[in-house]
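One-letter residues, chain by chain:
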Amino acid sequence: MSSSVPSATRPRPRRTVRWGERIIEGVIYACGLSAIAFIFAIFLFIAKEGLVMLVTHLPEMLTSTDWGPTDAHPAYGIVALLIGTAWCVGLSLLISVPVGLASAIYLSEFAPERVREVLKVVVELLAAIPSVVWGFVGVMVLNPLLQAMGAQIGLNGLNGAILLALMTLPLLVSLGEDALRAVPDSYRQAAVAMGATRWEVATRVLLPAARPGLLVAVLLGVGRCVGETMAVLMATGHAVNIPTGLFDPVRTLTATIAAELGEAVRGGQHYQALFALGLLLFAITFVVNLTADLVVRGRHLTR
Amino acid sequence: MTTTGMLLALVLGCGGGPSRTLLQDKGSDTMVNLMQRMSEEYTKEHPTVIVAVTGGGSGTGIKALIDGTTDMANCSRPMSDEEKALAEKNGVHPHETVVAYDGLSIYVNKDNPIERIDFEQLKCIYGASGTCNHWSDLGVTLDCGGTDEIVKIGRQNNSGTYEYFREEVLGDEGKFTNTLDQSGTQQVVDVVGTSKCAIGYGGMGYHTESARFACLAKATDGPCAEPTIETVKQGAYVFARPLYVYTNGAPTGEVSTFLDWARAESGQKVAIDSGFVPLK
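The listed protein sequences correspond, in order, to chains A and B.
The opening position of the first sequence corresponds to residue 472 in my numbering, with each subsequent residue numbered one higher.
The opening position of the second sequence corresponds to residue 921 in my numbering, with each subsequent residue numbered one higher.
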């Protein structure tokens, strides 16, 4: 406030500033609330369409592997779809967790500063690739590659899992690196002072210390994998099938919704069944994210 | 014309040129190339009319027609009774126009020596209760890296081809076994072309050098034929089907002009060029 302003008029601008602040506070508050409102609205919308089906058909859905919603006698077994999703996610984690954690350790502990900068940018670029492009990679690159490796058909569970692993790697690497760098330097110094090698510092000191953060990275990766749609629709072969080998085609929950919702008659049983799948997906990702959240809280509490 | 169509026409019309009419045409993936080419040719002759063609499957097209979001619905199968009832309930009166014929083709890899295949064998391969999982079950010797397991390629259940195949081969109550469900005939042919032990089905306009037609017979001891314009026309090909365009009520205005054109000489030439069978 300039000192040339007469003292009698001083309180007025202050009052307007306070009003402005209140308005902005209110807007921000409303924005915060709206996020919750949106989540609830989405949940209610999906529940409204899918709940009836879950209530009436849940035993059939969870015990049968026969998914034939357009057959003369519709069948709504989703066991094969659930296993397909779990199969892809599990396989992809087997690839992405070791590679992702190794990259995170390298970036945080071993890489020279310049290499680190370049690699971080590249990893972030990897995260910017749209999932339909990954789908293309699956069909055009991995498909013939896997066939050359002896697969009867290159569009299979392994293809989808490799794509999912590539898609979750950036998440694992960035979050993992953050978690490792958050470990105080005093830990490293203490370990080195005790005569530990760099390898021992990384594996015996840093990994245990950063475990909650790394776990959160993995759990968020799982959530990403479970919800991924386009790439797995294109690359997994889209066959309702319980896989017994790496090269077996599978079909995921998400791909089923994407492929069939366009035709399902609004309000019909098929439509409701697809929303019930959506509800299940919602539940799965919710549990995964909640677990991640609780892990983070646990870390803060123990500190 | 639909609201979206009018809006799009409005946007296009704002370019300063003569105002254009935009027609929406949606549905069958089997017909998407055919209708796309017809649309291009038609716009060359009638520059003020644009036909926007999208795929998605026959069921998707019918659903759009019932929802009133498309002017025409492409369908590679006749509309089902349930769909007709649902349409009437929503005040839509489906009217069918046949634009071409198709021979629903059985595709096998070029290295597959199979000479003929009949409906019983197809049922044995594709039916839920079928027992044919190896090419040797059909008396065919084929080696795909130490195995001769049949890679069964199918279509997603919003496909008219899927429905048509099921009704004709597996029966009204028939159920498919687990197949690799592709979202278009093009993908079916691509997969069959790259996988030696694969078999697939789809429109006849999609065959390539690496995915060839199998000679198809209805009865086990009956004569077999490959789908060609002649065999489909003469009725020698057993799996021939009409390709429909559905409209709400008998077509009027620009839609009617377009469909008349499609059924006349220029349109039918496009049908032949696209690998389908003309009406006459």
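A couple of the hints might just be wrong.
[Claimed, not checked] On the chain B side, residues computed to face chain A include the following (Cβ under 10 Å):
{"#": "1", "residue": "939"}
{"#": "2", "residue": "983"}
{"#": "3", "residue": "986"}
{"#": "4", "residue": "988"}
{"#": "5", "residue": "998"}
{"#": "6", "residue": "1002"}
{"#": "7", "residue": "1066"}
{"#": "8", "residue": "1067"}
{"#": "9", "residue": "1096"}
{"#": "10", "residue": "1138"}
{"#": "11", "residue": "1140"}
{"#": "12", "residue": "1142"}
{"#": "13", "residue": "1146"}
{"#": "14", "residue": "1148"}
{"#": "15", "residue": "1149"}
{"#": "16", "residue": "1151"}
Bear in mind the hints are in silico, worked out from the structure with no lab data behind them.
The model shown is predicted, which means the values in this text are computed figures rather than measured ones.
Each residue gets a CB set at the ideal place from its N, CA and C atoms; glycine is no exception.
Structure-based check of each hint:
1. 939: Since the shortest Cβ distance to chain A is 31 Å, the answer is violated.
2. 983: holds (6 Å)
3. 986: holds (8 Å)
4. 988: With a closest approach of 13 Å, the residue 988 of chain B hint is violated.
5. 998: violated (16 Å)
6. 1002: holds (8 Å)
7. 1066: Holds: closest Cβ of chain A sits about 8 Å from residue 1066 of chain B, inside 10 Å.
8. 1067: holds (7 Å)
9. 1096: Holds, about 7 Å.
10. 1138: violated (22 Å)
11. 1140: Not OK, violated: residue 1140 of chain B not within 10 Å of chain A, min 26 Å.
12. 1142: It is violated, given that the least Cβ distance between residue 1142 of chain B and chain A is near 27 Å, above 10 Å.
13. 1146: Violated: closest Cβ of chain A sits about 25 Å from residue 1146 of chain B, beyond 10 Å.
14. 1148: violated (29 Å)
15. 1149: violated (31 Å)
16. 1151: Violated, about 30 Å.
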